[in-house]
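Respectively, the protein sequence lines represent chains W and Z. First residue of the first sequence: 1, per this note's numbering; consecutive thereafter. First residue of the second sequence: 1, per this note's numbering; consecutive thereafter.
Since the hints were derived computationally from the structure, they do not count as laboratory data. Take every hint as true, because none was put in to throw you off.
Across the chosen pairs, the derived CB separations fall in these ranges: (1) W/12 to Z/9: 17 to 27 Å; (2) W/75 to Z/10: 48 to 58 Å; (3) Z/74 to W/75: 40 to 50 Å; (4) W/56 to Z/173: 17 to 27 Å; (5) Z/74 to W/111: 37 to 47 Å; (6) W/58 to Z/3: 54 to 64 Å; (7) Z/48 to W/89: 24 to 34 Å; (8) W/42 to Z/103: 44 to 54 Å.
Keep in mind that this is a model prediction, so the values were computed, not measured. The beta-carbon is built from N, C-alpha and C at its ideal position, and this holds for glycine as well.
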Amino acid sequence: MARFKQSKSKGLPAISTSSLPDIIFMLLFFFMVTTTMRETTIFVKIKAPAASEVEKLEKKSLVSYIYIGPPTQVKYGLEPRIQLNDQFATVNDVPEYIEQERNARDEADRKFLTTSLKVDKDVKMGIVTDVKQELRKVGAFKINYSTKKEVRQ
Amino acid sequence: MARKVPEVNAGSMADIAFLLLIFFLVTTTMDVDTGIIRVLPPPLDKNVDPPKVKDRNIMKILVNSRDRLLINGEPGNINNLKEKVKDFMDIHPDNPNYPEIKMEQIEMIGEVPTTKGIISLKNDRGTSYKMYINVQDELAAAFRELRDNLSLEKFGRKYDDLVLEEQKEAIEKAIPIRVSEAEPEDVGGK
Numbered sequence: 001m002a003r004f005k006q007s008k009s010k011g012l013p014a015i016s017t018s019s020l021p022d023i024i025f026m027l028l029f030f031f032m033v034t035t036t037m038r039e040t041t042i043f044v045k046i047k048a049p050a051a052s053e054v055e056k057l058e059k060k061s062l063v064s065y066i067y068i069g070p071p072t073q074v075k076y077g078l079e080p081r082i083q084l085n086d087q088f089a090t091v092n093d094v095p096e097y098i099e100q101e102r103n104a105r106d107e108a109d110r111k112f113l114t115t116s117l118k119v120d121k122d123v124k125m126g127i128v129t130d131v132k133q134e135l136r137k138v139g140a141f142k143i144n145y146s147t148k149k150e151v152r153q
Numbered sequence: 001m002a003r004k005v006p007e008v009n010a011g012s013m014a015d016i017a018f019l020l021l022i023f024f025l026v027t028t029t030m031d032v033d034t035g036i037i038r039v040l041p042p043p044l045d046k047n048v049d050p051p052k053v054k055d056r057n058i059m060k061i062l063v064n065s066r067d068r069l070l071i072n073g074e075p076g077n078i079n080n081l082k083e084k085v086k087d088f089m090d091i092h093p094d095n096p097n098y099p100e101i102k103m104e105q106i107e108m109i110g111e112v113p114t115t116k117g118i119i120s121l122k123n124d125r126g127t128s129y130k131m132y133i134n135v136q137d138e139l140a141a142a143f144r145e146l147r148d149n150l151s152l153e154k155f156g157r158k159y160d161d162l163v164l165e166e167q168k169e170a171i172e173k174a175i176p177i178r179v180s181e182a183e184p185e186d187v188g189g190k
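Just chain Z, with the same shape it has in the complex:
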């Protein structure tokens, strides 16, 4: 004769689960880490002179300790920095005011004109981090828009929507993010 097994009281199960839940809520974080990814240049070799770059190929951006911008020797504004960078890095054939153009053979897209332009960014030790990020962001936006333009022209899609790695690489090759960061100066003090 089988005896009836008494049912286990599961009423407190919910409480136990709640405790666990609260423990995990407290000890874990949900924040997704987002940020601007950059690759630092390797340290300079003191014996090797830095390569000479023609003046017309450089766009100099200076940020001082008051967070003011100086673009190629003229006071600049963060709001139109992106447009200026885009304009500078765009292809302007036979225009001595813009960087030189080099024809390059790139896989997937064939022969395209590429610019020799370089953005040179220099900041003061007193520049605020917020301003620095703003400038980096504007630069990144300018390059992304240029890449989008080329990508739309060649592949009919925006750069971020490209599926094939080869296509992405080709676009990256045609429009590399050429931002050079000069060693900072301490002019404005703290």
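Only chain W is shown next, with the shape it has when bound in the complex:
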């Protein structure tokens, strides 16, 4: 008669953690693939408005951003300011910025360059219009008003 060996309980066996690194690495790779690097520190408060007819912005490398909103720190004032790259700017700096962005791209890609306007929803149109006029002057016609997606009822 076969007898099952009665295993004497010697305390709980240790849980193998050798696959834990693999799991974490998997998570790591997931995040590395799905996210993009933060490129600029944003000094202005931006609460994007919501819209339903939005399109996804393809090819992030071909997008240059213009941020407009009230500064996050009160010492920079309360009026909406324009931010280009990592610093505050004025409307007159926009053409130079676009030129810089163009030069940073391949010649073949330049005509696909999109300017994304990230504007706070409480900003008045005056400043936005000024920026748009500058963009028109330098020939950066393709623009994108950055908005959140909202489902229409």
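Got chain W sorted already, so can you dock chain Z onto it with the hints?
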């Protein structure tokens, strides 16, 4: 005699991976950029007069600094703006209250009536960006619905579900997004 190689302790591997993971979580963003894509018109040539457009072909939308709408001289409402734009840009044969109709030969769909209507959007410098986006959104929705209608009629699918580029182009040609933005005015002040 082979000596047994002692096993490398991999217990801290998880910690290292965690550190890396947290680093990436902090330095990267996941937000998908969405937005309304528009093409700005080239700057006006001062020597060339802007083309004359018949009054019946224009729908004038004004947004003032109080975010109120004026549609063709009458106070409007953002909630029915889409319907109004749709109605205006739709095909109404032989109706003098609506824009003129032109028959056009377009590849893939043949001869279709197209409207000569133009939406003219003008905003004040004091208009809030939120309102501006709302109006743009309503306009975009109106045009999308018109395109969907035509697309369903011609190809049996909605515009966004069209697979062939040629079909999309044909629909775009039949119903172009004709929104003209006038130079803004500073009436309402800040």
